[in-house]
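Q: Here's the letter readout for the chains.
Number of protein chains: 4
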Amino acid sequence: MKNFLFLYTFLLLGLNSHAQTANLKSQVKTDTIHSEILNADRAYTIYLPKGYESNTDKKYPILYLLHGLSGINSSWFESASVKQVQDQLAASGESVDMIIVSPNAGGNPDTEWNGYFDMPGWNYEQFFYKEFLPHIESMYRVIGNKQNRAVAGLSMGGGGSTAYGQRHPELFGSVYAMSALMDLPENRNNQTDQNSQTKRALLTKSVIENSCVDYVINATEEQKEALRSIRWFVDCGDDDFLLDSNIDFFRAMRNAKIPLEFRIRDGAHDWLYWQSALLDCLPFVSQSFQR
Amino acid sequence: MKNFLFLYTFLLLGLNSHAQTANLKSQVKTDTIHSEILNADRAYTIYLPKGYESNTDKKYPILYLLHGLSGINSSWFESASVKQVQDQLAASGESVDMIIVSPNAGGNPDTEWNGYFDMPGWNYEQFFYKEFLPHIESMYRVIGNKQNRAVAGLSMGGGGSTAYGQRHPELFGSVYAMSALMDLPENRNNQTDQNSQTKRALLTKSVIENSCVDYVINATEEQKEALRSIRWFVDCGDDDFLLDSNIDFFRAMRNAKIPLEFRIRDGAHDWLYWQSALLDCLPFVSQSFQR
Amino acid sequence: MKNFLFLYTFLLLGLNSHAQTANLKSQVKTDTIHSEILNADRAYTIYLPKGYESNTDKKYPILYLLHGLSGINSSWFESASVKQVQDQLAASGESVDMIIVSPNAGGNPDTEWNGYFDMPGWNYEQFFYKEFLPHIESMYRVIGNKQNRAVAGLSMGGGGSTAYGQRHPELFGSVYAMSALMDLPENRNNQTDQNSQTKRALLTKSVIENSCVDYVINATEEQKEALRSIRWFVDCGDDDFLLDSNIDFFRAMRNAKIPLEFRIRDGAHDWLYWQSALLDCLPFVSQSFQR
Amino acid sequence: MKNFLFLYTFLLLGLNSHAQTANLKSQVKTDTIHSEILNADRAYTIYLPKGYESNTDKKYPILYLLHGLSGINSSWFESASVKQVQDQLAASGESVDMIIVSPNAGGNPDTEWNGYFDMPGWNYEQFFYKEFLPHIESMYRVIGNKQNRAVAGLSMGGGGSTAYGQRHPELFGSVYAMSALMDLPENRNNQTDQNSQTKRALLTKSVIENSCVDYVINATEEQKEALRSIRWFVDCGDDDFLLDSNIDFFRAMRNAKIPLEFRIRDGAHDWLYWQSALLDCLPFVSQSFQR
Numbered sequence: 001m002k003n004f005l006f007l008y009t010f011l012l013l014g015l016n017s018h019a020q021t022a023n024l025k026s027q028v029k030t031d032t033i034h035s036e037i038l039n040a041d042r043a044y045t046i047y048l049p050k051g052y053e054s055n056t057d058k059k060y061p062i063l064y065l066l067h068g069l070s071g072i073n074s075s076w077f078e079s080a081s082v083k084q085v086q087d088q089l090a091a092s093g094e095s096v097d098m099i100i101v102s103p104n105a106g107g108n109p110d111t112e113w114n115g116y117f118d119m120p121g122w123n124y125e126q127f128f129y130k131e132f133l134p135h136i137e138s139m140y141r142v143i144g145n146k147q148n149r150a151v152a153g154l155s156m157g158g159g160g161s162t163a164y165g166q167r168h169p170e171l172f173g174s175v176y177a178m179s180a181l182m183d184l185p186e187n188r189n190n191q192t193d194q195n196s197q198t199k200r201a202l203l204t205k206s207v208i209e210n211s212c213v214d215y216v217i218n219a220t221e222e223q224k225e226a227l228r229s230i231r232w233f234v235d236c237g238d239d240d241f242l243l244d245s246n247i248d249f250f251r252a253m254r255n256a257k258i259p260l261e262f263r264i265r266d267g268a269h270d271w272l273y274w275q276s277a278l279l280d281c282l283p284f285v286s287q288s289f290q291r
Numbered sequence: 001m002k003n004f005l006f007l008y009t010f011l012l013l014g015l016n017s018h019a020q021t022a023n024l025k026s027q028v029k030t031d032t033i034h035s036e037i038l039n040a041d042r043a044y045t046i047y048l049p050k051g052y053e054s055n056t057d058k059k060y061p062i063l064y065l066l067h068g069l070s071g072i073n074s075s076w077f078e079s080a081s082v083k084q085v086q087d088q089l090a091a092s093g094e095s096v097d098m099i100i101v102s103p104n105a106g107g108n109p110d111t112e113w114n115g116y117f118d119m120p121g122w123n124y125e126q127f128f129y130k131e132f133l134p135h136i137e138s139m140y141r142v143i144g145n146k147q148n149r150a151v152a153g154l155s156m157g158g159g160g161s162t163a164y165g166q167r168h169p170e171l172f173g174s175v176y177a178m179s180a181l182m183d184l185p186e187n188r189n190n191q192t193d194q195n196s197q198t199k200r201a202l203l204t205k206s207v208i209e210n211s212c213v214d215y216v217i218n219a220t221e222e223q224k225e226a227l228r229s230i231r232w233f234v235d236c237g238d239d240d241f242l243l244d245s246n247i248d249f250f251r252a253m254r255n256a257k258i259p260l261e262f263r264i265r266d267g268a269h270d271w272l273y274w275q276s277a278l279l280d281c282l283p284f285v286s287q288s289f290q291r
Numbered sequence: 001m002k003n004f005l006f007l008y009t010f011l012l013l014g015l016n017s018h019a020q021t022a023n024l025k026s027q028v029k030t031d032t033i034h035s036e037i038l039n040a041d042r043a044y045t046i047y048l049p050k051g052y053e054s055n056t057d058k059k060y061p062i063l064y065l066l067h068g069l070s071g072i073n074s075s076w077f078e079s080a081s082v083k084q085v086q087d088q089l090a091a092s093g094e095s096v097d098m099i100i101v102s103p104n105a106g107g108n109p110d111t112e113w114n115g116y117f118d119m120p121g122w123n124y125e126q127f128f129y130k131e132f133l134p135h136i137e138s139m140y141r142v143i144g145n146k147q148n149r150a151v152a153g154l155s156m157g158g159g160g161s162t163a164y165g166q167r168h169p170e171l172f173g174s175v176y177a178m179s180a181l182m183d184l185p186e187n188r189n190n191q192t193d194q195n196s197q198t199k200r201a202l203l204t205k206s207v208i209e210n211s212c213v214d215y216v217i218n219a220t221e222e223q224k225e226a227l228r229s230i231r232w233f234v235d236c237g238d239d240d241f242l243l244d245s246n247i248d249f250f251r252a253m254r255n256a257k258i259p260l261e262f263r264i265r266d267g268a269h270d271w272l273y274w275q276s277a278l279l280d281c282l283p284f285v286s287q288s289f290q291r
Numbered sequence: 001m002k003n004f005l006f007l008y009t010f011l012l013l014g015l016n017s018h019a020q021t022a023n024l025k026s027q028v029k030t031d032t033i034h035s036e037i038l039n040a041d042r043a044y045t046i047y048l049p050k051g052y053e054s055n056t057d058k059k060y061p062i063l064y065l066l067h068g069l070s071g072i073n074s075s076w077f078e079s080a081s082v083k084q085v086q087d088q089l090a091a092s093g094e095s096v097d098m099i100i101v102s103p104n105a106g107g108n109p110d111t112e113w114n115g116y117f118d119m120p121g122w123n124y125e126q127f128f129y130k131e132f133l134p135h136i137e138s139m140y141r142v143i144g145n146k147q148n149r150a151v152a153g154l155s156m157g158g159g160g161s162t163a164y165g166q167r168h169p170e171l172f173g174s175v176y177a178m179s180a181l182m183d184l185p186e187n188r189n190n191q192t193d194q195n196s197q198t199k200r201a202l203l204t205k206s207v208i209e210n211s212c213v214d215y216v217i218n219a220t221e222e223q224k225e226a227l228r229s230i231r232w233f234v235d236c237g238d239d240d241f242l243l244d245s246n247i248d249f250f251r252a253m254r255n256a257k258i259p260l261e262f263r264i265r266d267g268a269h270d271w272l273y274w275q276s277a278l279l280d281c282l283p284f285v286s287q288s289f290q291r
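These protein sequence lines are chains H, Y, B and L, in that order. The first sequence runs 1 to 291 under the working numbering. The second sequence runs 1 to 291 under the working numbering. The third sequence runs 1 to 291 under the working numbering. The fourth sequence runs 1 to 291 under the working numbering.
No false leads were mixed into what you were given.
The list makes no distinction among identical chains, and a pair is therefore deemed to hold if it is satisfied within one copy or across any two copies.
Cross-link-like lysine to aspartate or glutamate pairs, in silico, DMTMM-like; alpha carbons within 25 Å at most: (1) Lys146 / Glu170; (2) Lys50 / Glu225; (3) Lys146 / Asp97; (4) Lys224 / Asp244; (5) Lys257 / Asp244; (6) Lys50 / Glu261; (7) Lys257 / Glu225; (8) Lys83 / Asp280; (9) Lys29 / Glu78; (10) Lys83 / Asp238; (11) Lys50 / Asp97; (12) Lys146 / Asp280; (13) Lys257 / Asp97; (14) Lys146 / Glu131; (15) Lys224 / Asp266; (16) Lys25 / Asp238.
No wet-lab data here; the hints were simulated from the structure.
Sequences are here, hints too, so could you generate the full structure?
A: Pasting the structure below:
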């Protein structure tokens, strides 16, 4: 009998090594919101910190975590173990308890709308600010001020995070952009094809129109001052094919005297990179929250 | 058209950012060996470094990478991205080109044999040394000496790696044990049930009989000297329920004056820990290879 | 002329790469307090964060940073660049602005009193709590509550930090002990010589009498509960000759169900270790401050 | 008596925790070479690995480690603990046993010649290749081939390392440049003053004439092919005032399809940065040695 006891315990612990009573555990849920603006249902995946169910008076900071092209709302959770990473960092004190939410802004780019910006026929950015954010922050116990709200993302979502910070410095206290699609070479080379109306073509056009690099270069002094109210972190691999536009963004920010943290680490445009970036991202946004 | 070009490139690179011609890429294959000793087929998953197909004269060092209880041959590759990690570390020079192979020694512990030791009715260790290792090292271009052969593993596979190093110091130049099942508390407390004959019970008994801690404590001076010919690395999380036996092992090794590297990092008994341990393991075994 | 401009700038920046106006810079000062209890003057070195002089209404958290045997008040600053490290970590957000103070508790152990405990003829601990801490916290703008007060140290100062936390859980929100002298083997072996009255012998006796390991083993349930109100971090090298007592301390804490972070990293009992430990210590205590 | 024993041991170990018999220890020596070319004596500081004195048949790889402007031969050893760092990395296997030598190429730039290039009246580069390198490699047991020779340095020495690798790819297997003076803004702006003949002015002119960025931009295909025979690592802080020219160098290398590792880490132009860069540099050059 003792053997059974051992092996039962072993397996159990192996699968769930921080035993917790059920309502103290962190949890990940997927839900759907109907958008009038998009005329479509949109799924989102949300992480609620341990104790969320029992401390019913407590409000939390929130991180909007954006996926990349062809990703969906569950991508961060499935490919980078967001729940396990945040549970561990919160346990050791490196990050604070927070809500993390990923909205769906993608899927197969041949058949699904992708992207975080407004495009003809798909006003995603309007959806985000007029429907999604208010819905989340009323449904869940979110503190709801600039200091306790952050946005981060990878690739297309890194560009989305940066542009969202640029256009809404009153909403976000910190931005962490990973391997970000800050701009497109087509922009610099005036190569865009203005006629194609496929979802891909419209996305491409929207990325160029919302170039994060051009935004900084063209910013007024007032806009620059607003950008200085955000804590910025830009992180890209030395083998990433998007590195060049990240360097352009960094140089534009430095020229504009807007402080930012900038890192080039070993790696390419892949989940290995984003898994390790997440270990820096969660402490970074935590440093802004509740201080 | 230019838009299409961009998006095609983007997706392609996003999925496969280090483009390589086909026969230069590293590859992961799964195959099966029939064991006379076990009277069963056993699967294994193997990583072959880039250039393996084209440099047909070159021989490589080899790492035997052992999974844990209820894991199988593909676990390391699926849950810790062995291919992507080794590709990246080899590209930056932190590890050398090597063959990595995981044999199946597990599955559902209620119905499948688990474990790396001989048990009544399942002589896995005999299979490993008489059939599996010779098969692999004749099928693939392996250098085949102690210096260029390593063994590593997690949990049950960490104990397996350690015991394999202990009993075959002539075969392995380095051992890296993660969150290792070095022994069982039942051993210290004389609590084992001698009668149960389930696969679980037999595994438990085999772990105690092959206690890595007792082996060091009881080693002759000659055996200790042999253990000193191996480079040892033991790595366990501060929240791991197996930490105690890892500390016992460390203390026994230090008492016996057998050098080893020992680390306690933040973490528990889970894939987050093993993913980051792999980043240390591959460079560590590489330091032994080809020097 | 342009050449001169370049080289002047180059050197200047090379020596002082974050130019700041004078009263915004962080500063390190050394001062002296006269102790009635010790009947002696005692020096201390103190770090004041940038902006301390200009934000005259702001109060700060405080870290008491204790040196080791034969060290003095300036040791941490000279051998581990406390000012430069804290300036950089605060700039990137990894630590918060704080005051850091090192009192002198040592020097040449053949001629000077060493140690953080009361000894016959040298009641250092009384001095610390009745004179030093009140003096510092009235002279400087310290927040002055448990949450915003931490103690950390290396070797003899790591043991001092731990014992201070144990006896004053109402004062300290976090403790970070590096390579700590938690106890002495003489204690376990009943080997102490009770007769010698040299400063060395009295120090040895005081370390044993104040064993951090025994304190946990013998703690009442009420004392254990108080210890749980502190965030603990214990960090020791795998080649440190004091590792054994750190492991004993860790095991005693786990048996008593008092949460702590525990790390064994590569290294020995030297400044290389403490320099890298400082990079973890300052963010760790910052996580407690002002949250 | 036992107390004395303890404290004696404690101190001794505290100061020298890896006890070794004398002729097995690593050592650092300073010596002087007379240069006919410079018509001056030049000091150098050299690290010899443990066992150098006893294994009198063994030859070693060598790292030339270059200091920055106003530094001298002892700077790396005094400000970045080269001996202690290399001892520890070699003990854990992260680096291999090697000889490390720093020649004096600086001092007070108002009164002393600084720089690694030939200048009117001070042909330092000729001295390095015709006198210094041959002297060192005949005086000490150096393997003496490209694979087992590396060059690294900080700031002015990072530029020196890069230029030395560029002009002598047949001599160096790897180059590690930290916070490197790759070029000067004066170069891009055609601002140099051609008339001043001070040591500072001549140094400035020599840096521009030997621009590491221009070398890559203007390299012939044959030169590029030679540059590909070196393993390159370029590492610069995000707050370093020299970062721009490091980015220019990186982009030039990528355009020329010459592989290199590139990192931007947190930090400025100071010893904190170079201390941590050394922890990557020694393993990186070790990966090239003896493989």
